[in-house]
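Chemist: Residues per chain are reported as follows:
Number of protein chains: 2
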Amino acid sequence: MKDLESYLDRSLPKFQEDLFALLRIPSVSTHPDSKADVRRAAEWVLNDLVSMGLSAELWETTGHPVIFAETPPVPGRPIALVYGHYDVQPPDPLGEWTSPPFDPTVRNGNVYARGATDDKGQMLTHVKSVQTWLNCRKSLPLQVKFLIEGEEEIGSDGLFGLIPQRKDRLACDVVVISDTSQFAPGQPAITYGLRGLVYFELTVSGPLQDLHSGTFGGAVMNPLIALSRLLHGLVDDKGTIQVPGFYDDVVPLRAQERAEFATLPFDEAAWMGRLGIPAVHGETGYTTLERRWARPTFDVHGLTGGYQGPGKKTVLPARGSAKFSFRLVPNQSPQKIEDALRDKLARDCPTGVRWELQAYHGNRGITVPFDSPYVAAASQAIELGFGKRPVLVREGGSIPIVNALHDHLHADTLLLGWGLDDDNTHSPNEKFCLADFAHGIRASLHLWDQLGRIER
Amino acid sequence: MKDLESYLDRSLPKFQEDLFALLRIPSVSTHPDSKADVRRAAEWVLNDLVSMGLSAELWETTGHPVIFAETPPVPGRPIALVYGHYDVQPPDPLGEWTSPPFDPTVRNGNVYARGATDDKGQMLTHVKSVQTWLNCRKSLPLQVKFLIEGEEEIGSDGLFGLIPQRKDRLACDVVVISDTSQFAPGQPAITYGLRGLVYFELTVSGPLQDLHSGTFGGAVMNPLIALSRLLHGLVDDKGTIQVPGFYDDVVPLRAQERAEFATLPFDEAAWMGRLGIPAVHGETGYTTLERRWARPTFDVHGLTGGYQGPGKKTVLPARGSAKFSFRLVPNQSPQKIEDALRDKLARDCPTGVRWELQAYHGNRGITVPFDSPYVAAASQAIELGFGKRPVLVREGGSIPIVNALHDHLHADTLLLGWGLDDDNTHSPNEKFCLADFAHGIRASLHLWDQLGRIER
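Protein chains in written order, with this note's numbering: chain L, 40 to 495; chain F, 40 to 495.
Accuracy of the hints is not assured; some may be wrong.
Claimed, not checked - Calculated pairs, EDC-like style, for lysine to aspartate or glutamate (alpha carbon to alpha carbon, straight line, at most 20 angstroms): (1) K383/L / E395/L; (2) K383/F / E395/F; (3) K277/L / D488/F; (4) K383/F / E395/L; (5) K277/L / E322/L; (6) K206/L / E395/L; (7) K177/F / E422/F; (8) K206/F / D446/F; (9) K383/F / D275/L; (10) K277/F / D488/L; (11) K206/F / D196/F; (12) K427/L / D488/L; (13) K383/L / D276/F; (14) K375/F / D276/F; (15) K427/F / E44/F; (16) K383/L / D446/F; (17) K74/F / D131/F; (18) K206/F / E99/F.
What the hints assert, rightly or not - Cβ-Cβ distance ranges computed for the label pairs, FRET-style: (19) T279/F / P349/L: 51 to 61 angstroms; (20) D288/F / L247/L: 52 to 62 angstroms; (21) L247/L / A298/F: 54 to 64 angstroms; (22) H449/F / L247/L: 53 to 63 angstroms; (23) Y286/L / Q281/F: 27 to 37 angstroms; (24) G312/F / Y286/L: 35 to 45 angstroms.
Unchecked claim - Far from chain F, some chain L residues (derived; all Cβ distances over 12 angstroms): (25) L173; (26) I202; (27) R393.
Simulated from the structure, these hints should not be mistaken for lab results.
Think of the CB as a built atom: it goes at the ideal place given N, C-alpha and C, for glycine as much as any other residue.
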């Protein structure tokens, strides 16, 4: 593997330049105004794959396009499908970025930009490792396919529609995804569980328009008070969710998992200090890692309503709204929870106001087996790439497409995260450690070697 | 009075033009950026008073300026002080205005603009009636003083500072204020009670910056959930306030008042229909008029926090805030309530987040005697101006300065409202009925006549 590693070392500056070019494209999939930019990112990925000699295609979807590419088949060896995404979260609050979110800037060995880790940087490690193999060896020891989408941050609707139709093209033995994190700096990890998600926007409306709170207050239900009441009713003071039946299908943590989590070198005080929080908070009877990885949660993401300018305005607002979600663990059904939520809101909503609930696409939580030859190969490759054996972890985030790929392609999944949990994904000042960008490419070089040794 | 009334009829188009000119000035006192416009409105009022031959002065304050003017003393007759304000509420939400808020537009006999009723239109009725007297008679039957400020909508801090220093210049027997409403179209009213106000902004902060709700959710207290919890804790589902001791100093409604309110021709179904609300809401055991006029209340005016753009963003926000207030009835102390509120927030705030409370200037509720010769004179003047005898009412809004004028000048107060309660004060599409602008000037013409008959 010396030839490949040495080519990687020589090519790193160029590979970083490629990453920066992709990071400059503000491909915010949720913004209707960013459609052209999102497409530009798709085309950038397409061109990069084509320019290294791959057969690559842009597939139109109901939303943003999907990029597909593949190396030639290798009979008798497994097929690996690399899934990633070129879309990013909105960058706001903009004022809190040290450097502009779409102007990648290197500080202390990290590149700062929206999407640096999630997922442009991580996704590109596999593109660049395949490029390295092709340059040095003209071929790979197994067939590698790429499936790079542009709607991961908004529920992957377009790709969900394509998977059943393109099942044959996507056929594979193992799905490789780098959209998670290492356990800690210098401690790589393989993730075997992800949480699911159901995301809602609740709007509460009262009077036809804003009213004077002096003239009307006390006799007209205030929509913002009603909204606070409804949100408050969804969760108790320990974070236990109050939607009836919410926990019915939750698979309890196994004693072995809890024991393994407990052995991980997690420094809670340092973690709190980094976040700047005075105390951790969550369900009684669970550790911080358990609460983050393996228990369902409720979070409010945004509140808006009434007067939000400087100073005071004595208005009784016509309406207010909240964006919120539940993270789910395996076996919980997004639809069942939406139904139970609607029942609860209907019961809890005060008289004098009306409520409306918009549900976004939901996805289930998942755990994947970790006793497969693929996990063993990945573990070996990561050790060679990072110089340290990975630990097995779960992660609190969601990758909506993992379930669909698993269900339709009947393939195993490898969640190989090169990020760090202080990378500020979804937050201002997202970053990716450039050393880990290199480690990730190196691990990916070895991954194709290791997986290519498995007989199919 | 025929000469005066006929001069008024001839001058109405000119008086309306003057009103429209003042309405074109966006004198939003709470916006730091509007300082120059607020001053422009002050100067407009000053020039209008000077151009009719009055001695008028611009008094600087710690905030926006105050305009003072006076007609010559009339020995043996009372002095009336007209209080009004040239500042206005912010116009937002801008998108809900049919015509731009600072482009006065006449539709169906109403002028639509921010400040049309509150208080530029109502305040000008007294300016224009004095102008009419001076034009027709060269003098008035009593001394009239004007005190027109620019901070009524933000707590009147500047004027509060001036009153003790300028007590001698402001000395009067009766304060005349038109900043309230008629009881209904065609049913004028004299207001004998106003509610007070304490206004707060509560900010709840958690992590140093926004976090990924998947990676951190469940172990980090969400500031927006904490904010909902704190707001929810301040009021029960009937609108009864849960701040300990809040009701201790509340003066109960007298049986006679309740009986009189009950005789007023209030059509609750029509009122609900106009507001577009499915039900009234409020404290058990009180009518809608009692809830609006004579009971303390809690209202949330604005909520802001986290992601408020289109689509979804799975963020655990660093902070959120709410603007809210309590309306007070006579005898409740704003300071005592602020203290009790701080105690309650300190007790209720969940661990894992911090709270900060900003208090704006508060003011007490007030009721004024209604058996004085001034009320009798005003009642007579209104009947002559509007063609209908006024009823006695209370009002739910606050005029912060009324208490201070009362305390320092030891004068009676006449709250003579020419507006209507669907004038959308503090809301989009604020309006003022132009016929009532004329009725108001006519009533004011007679007010000087009637008050001038009282021997001092």
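Chemist: It remains to establish, for every hint, whether it holds in the given structure.
Modeler: Structure-based check of all given hints:
Between K383/L and E395/L the alpha-carbon distance is near 13 angstroms, which keeps this suggested pair within the 20 angstroms criterion. For a cut-off of 20 angstroms, the pair hint linking K383/F to E395/F stands: about 13 angstroms separates their Cα positions. With a CA separation close to 68 angstroms, the supplied pair K277/L and D488/F exceeds the 20 angstroms bound. Restraint check: the Cα-Cα separation between K383/F and E395/L comes to about 32 angstroms, which exceeds 20 angstroms; the hinted pair is violated.
Taking the CA atoms of K277/L and E322/L, the gap is near 5 angstroms; set against the 20 angstroms cutoff, the hint holds. Between K206/L and E395/L the alpha-carbon distance is near 37 angstroms, which puts this suggested pair outside the 20 angstroms criterion. Proximity of K177/F to E422/F is assessed by CA-CA distance (about 25 angstroms); at most 20 angstroms being required, the pair is judged violated. Taking the CA atoms of K206/F and D446/F, the gap is near 11 angstroms; set against the 20 angstroms cutoff, the hint holds.
Restraint check for K383/F and D275/L: satisfied, since their Cα atoms lie roughly 18 angstroms apart, inside the 20 angstroms limit. Taking the CA atoms of K277/F and D488/L, the gap is about 68 angstroms. The hint is violated against a cut of 20 angstroms. Distance hint between K206/F and D196/F is fulfilled; the C-alpha atoms sit about 16 angstroms from each other, no more than 20 angstroms. Simply put, K427/L and D488/L have alpha-carbon atoms about 18 angstroms apart, close enough for the 20 angstroms limit, and the pair holds.
Distance hint between K383/L and D276/F is fulfilled; the C-alpha atoms sit about 16 angstroms from each other, no more than 20 angstroms. A hinted pair counts as satisfied when its Cα atoms are at most 20 angstroms apart, and K375/F with D276/F does not qualify at roughly 24 angstroms. A threshold of 20 angstroms between alpha carbons decides the hint, and for K427/F with E44/F the separation of about 17 angstroms falls inside it, so the pair holds. At most 20 angstroms may separate the alpha-carbon atoms for a hinted pair to count; K383/L and D446/F exceed this at roughly 52 angstroms.
Distance restraint check for K74/F and D131/F: the Cα-Cα separation of roughly 17 angstroms lies within the 20 angstroms cut-off, and the hinted pair is therefore satisfied. As the CA atoms of K206/F and E99/F are separated by approximately 16 angstroms, the hinted pair is consistent with the 20 angstroms bound. Between T279/F and P349/L the CB atoms are about 31 angstroms apart, so this pair departs from the stated range of 51 to 61 angstroms. The hinted window of 52 to 62 angstroms between D288/F and L247/L is violated, with their beta carbons roughly 35 angstroms apart.
Look at L247/L against A298/F: about 32 angstroms separates their beta carbons, and that is not inside 54 to 64 angstroms. Taking 53 to 63 angstroms as the suggested C-beta distance range, the pair H449/F and L247/L does not conform, at roughly 44 angstroms. Distance hint check for Y286/L and Q281/F: the Cβ-Cβ separation is about 30 angstroms, which falls inside the suggested range of 27 to 37 angstroms. A C-beta distance of roughly 44 angstroms is found between G312/F and Y286/L, which places it inside the suggested range of 35 to 45 angstroms.
Even its closest Cβ contact with chain F, about 34 angstroms, leaves L173/L beyond 12 angstroms, as expected for a residue assigned away from the interface. With a least CB separation of 21 angstroms from chain F, I202/L remains clear of the 12 angstroms interface cut-off, as annotated. Distance check on R393/L: its Cβ comes as close as 7 angstroms (rounded) to a Cβ of chain F, failing to clear the 12 angstroms threshold; non-interface status is violated.
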